[in-house]
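Novice: Sequence:
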Amino acid sequence: MMLKSNNTLQIGVVGVGYLGRRHLEHTMQLKDAECCGFFDKDAERSALIAQESGATSHNSMASLLESANIITIVVPTVDHFSVAQVCINAGKHVFIEKPMCETVEEADTLLELAEKKGVQIHVGHIERLNPALVALNGIELAPRYIETHRLAPYTARGTDVPVVLDLMIHDLDVIISLVKSPVKSVNA
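Residue 145 in this note's numbering sits at position 145 of the sequence shown; the count goes up by one each step and never skips.
Don't read these hints as lab results, they were simulated from the structure.
For clarity, every value in this text was computed on a predicted model and none was experimentally measured.
The reader is advised that the hints may include incorrect statements.
Lysine to aspartate or glutamate pairs mimicking EDC-like chemistry, simulated, CA-CA at most 20 Å apart [what the hints assert, rightly or not]: (1) Lys98 with Asp171; (2) Lys184 with Asp160; (3) Lys98 with Asp160; (4) Lys41 with Asp160; (5) Lys116 with Glu127; (6) Lys184 with Asp173; (7) Lys117 with Glu127; (8) Lys41 with Glu105; (9) Lys98 with Glu112; (10) Lys184 with Glu112; (11) Lys180 with Glu140; (12) Lys116 with Glu106; (13) Lys41 with Glu66; (14) Lys180 with Glu147; (15) Lys31 with Asp42; (16) Lys116 with Asp166; (17) Lys98 with Asp166; (18) Lys98 with Glu127; (19) Lys180 with Glu105; (20) Lys117 with Glu140; (21) Lys31 with Glu44; (22) Lys98 with Glu25; (23) Lys98 with Asp173; (24) Lys117 with Glu105; (25) Lys117 with Glu66; (26) Lys116 with Asp160; (27) Lys180 with Asp160.
Label pairs and their computed distance ranges (CB to CB) [what the hints assert, rightly or not]: (28) Glu115 with Ser177: 40 to 48 Å; (29) Asp32 with Pro143: 32 to 40 Å; (30) Glu112 with Pro76: 39 to 47 Å.
Built from N, CA and C at the ideal position, the CB exists for glycine as well.
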């Protein structure tokens, strides 16, 4: 399948594990865009998801890249950099689940590549869309002390990177986006 010539956003999803399924479902519901399918290296899972969702399962990332102009990357964090590099080199805009990469150096490399290729990268810091936090956006905040707690049951998903990159990044991102001030100190 080739990319459509009209201006419709053609979105493809790479990775349909736990979170990838959610991304696929939401992409298929978008009114101003079209889901052109997904790719997952697990052929058995791909067949199951295609059957359940009705979405097109591509047998290679190259096939998906031919159909899409935006790629949502929902693979394990350790693979974000390599998958994003392929997509950006193909001239595709990318939405990457957080954390963007394992290292700052990888993130910087992707940003430089995206600028060179003229594409955009967006990182999925989903907590920014939490209604409770959205309500705080117009309020001037000047906290002197912030303490966060995140409690969740253990799951094996997300153990490819340290907990700071997998979960605490949400708390750090929320604080930085709300306070709009440089960090003065951190205690742990």
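Novice: For this structure, which hints from the list above don't hold up?
Specialist: Numbers 2, 5, 7, 8, 10, 15, 16, 19, 20, 21, 26, 27, 28, 30, in rising order.
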